[in-house]
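J.: Listed here are the chains, written in short residue letters.
Protein chains: 2
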Amino acid sequence: MDFMKYALIEAEKAMEAEEIPVGAIVVKDGIIIGRGYNQKEKKSNPTEHAEIIAIREACSNIGDWRLNGCEMYVTLEPCPMCAGAILQSRISRLYIGTFNKDMGACGSVVNLVDNRRLNSFVNVIWTYDERCSDILKIFFHLKRNGILQKRRL
Amino acid sequence: MDFMKYALIEAEKAMEAEEIPVGAIVVKDGIIIGRGYNQKEKKSNPTEHAEIIAIREACSNIGDWRLNGCEMYVTLEPCPMCAGAILQSRISRLYIGTFNKDMGACGSVVNLVDNRRLNSFVNVIWTYDERCSDILKIFFHLKRNGILQKRRL
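Chains A and B supply the protein sequences, listed in that same order. Per full-length UniProt numbering, the very first residue in the first sequence carries number 1; after that it's consecutive. Per full-length UniProt numbering, the very first residue in the second sequence carries number 1; after that it's consecutive.
There could be a bad hint or two in this list.
[Unchecked claim] Examples of chain A residues toward chain B, derived with CB under 8 Å: (1) ASN45; (2) CYS79; (3) PRO80; (4) GLY84; (5) ALA85; (6) VAL109; (7) LEU136.
Honestly, the hints are just simulated from the structure, not real lab data. Note that this is a predicted model, so its numbers are computed, not measured. Glycine is no exception: its CB is placed at the ideal position from the N, C-alpha and C atoms.
Given the sequences, and given the hints that come with them, work out the whole structure.
T.: Here it is, written out as structure tokens:
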């Protein structure tokens with residue numbers, strides 16, 4: 001199952017809303033239980049990142065803050081806030097589409113997900129998915145050239 | 001002005017709700033624009049920490065995700081998620097009541113708030129306030145002894 005595709009569908013929703021296109025989903029036993037895309041500008045809230053929203057929806061759906069046994073697929077390496085949220089939620093496995101050289105907290109700038117002192121038990125799998133890096137390249141190209149339009153890419 | 005008192009009032013609300021008693025407020029130009037207390041269990045959401053809630057309320061009140069120039073008072077050293085949220089929000093100054101030896105991300109376990117690579121511009125001031133450590137001690141004492149009751153302490 002190409003679950004990263006569903007995280008990318010979320011990232012496209014962010015693109016449509018002229019937000020930095022990042023998407024995330026939470027999967028439990030092969031079923032998507034949480035979806036999120038970056039809505040920082042729309043909601044005027046710096047915590048409304050894809051991962052936080054996906055975790056919130058997943059927890060709401062199962063009625064528990066513990067996501068042990070769940071997987072997250074995220075198109076971009078989480079920032080420290082989101083990596084911290086992933087630890088708090090006890091997500092078991094994290095699939096990351098591409099790295100974040102500016103704010104990545106899974107190894108690129110800092111590493112919060114492989115730190116025994118933080119009790120981090122998450123397994124990280126880098127998929128190096130060109131679709132995940134391409135959508136960001138397209139977004140920033142359009143943004144730089146002032147031609148970003150609200151349409152499905 | 002003893003702003004930490006107002007963060008402690010939030011922590012007391014968490015205590016009443018039998019949550020780990022942590023409270024936070026956001027102050028802009030001497031006025032409290034955001035308040036939050038830990039509601040992780042009540043909301044079944046691991047991201048509902050005091051700081052995240054206080055930031056959300058502050059941003060909602062000013063209609064902007066940028067909290068430059070604002071101060072946060074928090075009773076307990078933020079975890080990685082919350083320290084990351086503080087960076088994302090661009091809060092300028094952070095007053096911390098007491099340290100968190102298990103999950104503290106402002107120096108105790110990791111340090112996200114003094115990291116040039118993360119573009120962190122927050123000034124951290126440790127107040128070492130006994131009221132902030134005492135409320136936690138009382139909570140865990142009551143919890144251990146099974147005598148936690150829903151009443152104002």
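J.: Confirm or reject each hint.
T.: Quick rundown of the hints versus the structure:
Given the 8 Å rule on beta carbons, the hint for ASN45(A) holds: about 5 Å separates it from the nearest Cβ of chain B. A cut of 8 Å between beta carbons decides the hint on CYS79(A): the least distance to chain B is about 6 Å, and the hint holds. This hint holds: PRO80(A) has a C-beta 3 Å from the nearest C-beta of chain B, less than the 8 Å allowed. For GLY84(A), the interface hint holds, since its Cβ comes within 8 Å of a Cβ in chain B; the closest pair sits about 3 Å apart.
Interface hint at ALA85(A): satisfied, since its Cβ lies 5 Å from the closest Cβ of chain B, which is below the 8 Å cut-off. Using the Cβ-Cβ criterion of 8 Å, the hint placing VAL109(A) at the interface with chain B is satisfied: the shortest such distance is roughly 5 Å. For LEU136(A), the interface hint is violated, the least distance from its beta-carbon to any beta-carbon of chain B being 18 Å, above 8 Å.
The earlier numbered hint that this structure contradicts is number 7, and it is the only one.
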